[in-house]
Structures are given as C-alpha cells and as structure tokens.
Amino acid sequence: AASAGPGSVLECLTLCQPAELQKKIYQQCLQCTDEIGTSSTSSSQSNVTCMLRSVCAHPELGLSSIGSLSADQRDKLLREFPVSLENEFSPKLMLDCAQTRDKWIAMSPKISVLSTLIEHCLAEGECMVVFTESDSSFHVVAKALAVLKRDFVTISELTTHHSLLHDILSLPQNETGQSAYSKHIFLCKMASVRVPLFFVDKVVFFDAPVDKVHERQAMVSCVNPTTGKKKV
Numbered sequence: 001a002a003s004a005g006p007g008s009v010l011e012c013l014t015l016c017q018p019a020e021l022q023k024k025i026y027q028q029c030l031q032c033t034d035e036i037g038t039s040s041t042s043s044s045q046s047n048v049t050c051m052l053r054s055v056c057a058h059p060e061l062g063l064s065s066i067g068s069l070s071a072d073q074r075d076k077l078l079r080e081f082p083v084s085l086e087n088e089f090s091p092k093l094m095l096d097c098a099q100t101r102d103k104w105i106a107m108s109p110k111i112s113v114l115s116t117l118i119e120h121c122l123a124e125g126e127c128m129v130v131f132t133e134s135d136s137s138f139h140v141v142a143k144a145l146a147v148l149k150r151d152f153v154t155i156s157e158l159t160t161h162h163s164l165l166h167d168i169l170s171l172p173q174n175e176t177g178q179s180a181y182s183k184h185i186f187l188c189k190m191a192s193v194r195v196p197l198f199f200v201d202k203v204v205f206f207d208a209p210v211d212k213v214h215e216r217q218a219m220v221s222c223v224n225p226t227t228g229k230k231k232v
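In the numbering used here, the protein residues as written are 1 to 232.
It should be emphasised that the hints constitute simulated quantities derived from the structure, not laboratory data.
A few of these clues could be false.
[As the list claims (entries may be wrong)] Here are the simulated DSBU-like cross-link-like pairs (lysine-lysine), alpha carbons at most 30 Å apart as the crow flies: (1) Lys202 with Lys143; (2) Lys149 with Lys202; (3) Lys24 with Lys189.
Predicted model only: the values in this text are computed from it and were never measured.
Throw the hints in and build the complete structure from the sequences for me.
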C-alpha cells in the first residue's frame, strides 16, 4: 500500500518459505526439545525458542546455537548434519568463490530476498537501513553483506550523528553529485538506534520483533520530522 499524505508508510511484507536444510534442522530441533518434556526450565525453553528463530534466519545459525540443548540432544542433532556449515562456508572461501557464496545465500530465502533488495537499492542510488532484533540475525546479515562485498555502516547505542557521518565519509568516496548518504547500507539492532535515520530511502526489518516497543522505536527514528513520511 502507498500513500502520499503525512505520516504515510510505503510498506511491503515478504513471507519466505524456509529452504529444505532449514526445515530439516528446525524439525530436528523440535524433536530434541519434545524429548525435554515438562522438566525443562523456562530459561531453557526460551533458549530453544531463540534457536528456532535463528534457524529461520539461516541454517548456519541453527547449528551454531545448539548450545542450549543437552549434550545428548546436541550429539543427536549433529549426527544428522555431520558437515559443519561453518567450515564448509568459511568467509574467505565465500569471498573467493562466487559459487560457494551464492550457495550459502540460497540456503536462506530471507537472505536471498535481502541481497536482491540491496542490489536494487544500490543500483537506484538509494541508501537503506536493515534492522535486526537478535544478535544472531545481526551477525548473519553482516556476513551476507561481507560475502556480497558491500560496505556497510554499523549503528550501535554509542553512535552519534557526528560519528555516523564520520563513518560514512570514511567509506569509499561517493560518485560526484550524490549526497553523503547515497548508496550506503546501515545495519542496526532495533534496540540500539539512538540517532535519527530519516534520510534513508528504504527501511528493512529483517526479523519479526518479539518486542514491539523496539520496533516502534526503530520506526520512529526513520520518520522525516518535516514531512512525517517514512518508508519500510
């Protein structure tokens, strides 16, 4: 939907079917957690929920976050996936080999959609901010940007408008006539935004937030104070 009025939102919701490996890891995780039964603590159940959300971001995160399971459950899960994704898809290998990079990206439809959107925005001379809620999603998006060989600026709780501008100007020079923010990607956790980001052209929420307060806080930071417009 699109509207030109004050406070309008141009929003596009994309639902991604998980890849086959994601489905398998998710099912295996559920199987392991079913065996925990009612004896599990609320803390361990919360860890398992986070792990399942990680699998939906990228299968690599599912295998790297299985520390929340017991040793027996972890061994059972790893027996199903004897090859370590981390070793097979090392950052250096992905940077050197486009085929390996594309295969890693294709493992997660969410990452595939994000990479397509990034290429489109940059081709149009636009800048975008990608918000994540969890650390795991933040790291997998950062890794995706690295293997796509795209420079990006990280925004944290300590970022000020001055330091943000300094980080941007430290990146490779823009083409003549473009604004300082053009063709740049900003990566930020929803809970970490402390600076106005109304200059961005596209706002992407990579994972559905559990905390709606953080989502609203991130959205408000992208509202143009003059026109009231924002894009998602």
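Do the hints match the structure? See the list:
no.: 1; hint: Lys202 with Lys143; verdict: holds (20 Å)
no.: 2; hint: Lys149 with Lys202; verdict: holds (20 Å)
no.: 3; hint: Lys24 with Lys189; verdict: holds (28 Å)
Taken one by one, the earlier hints all hold for this structure without exception.
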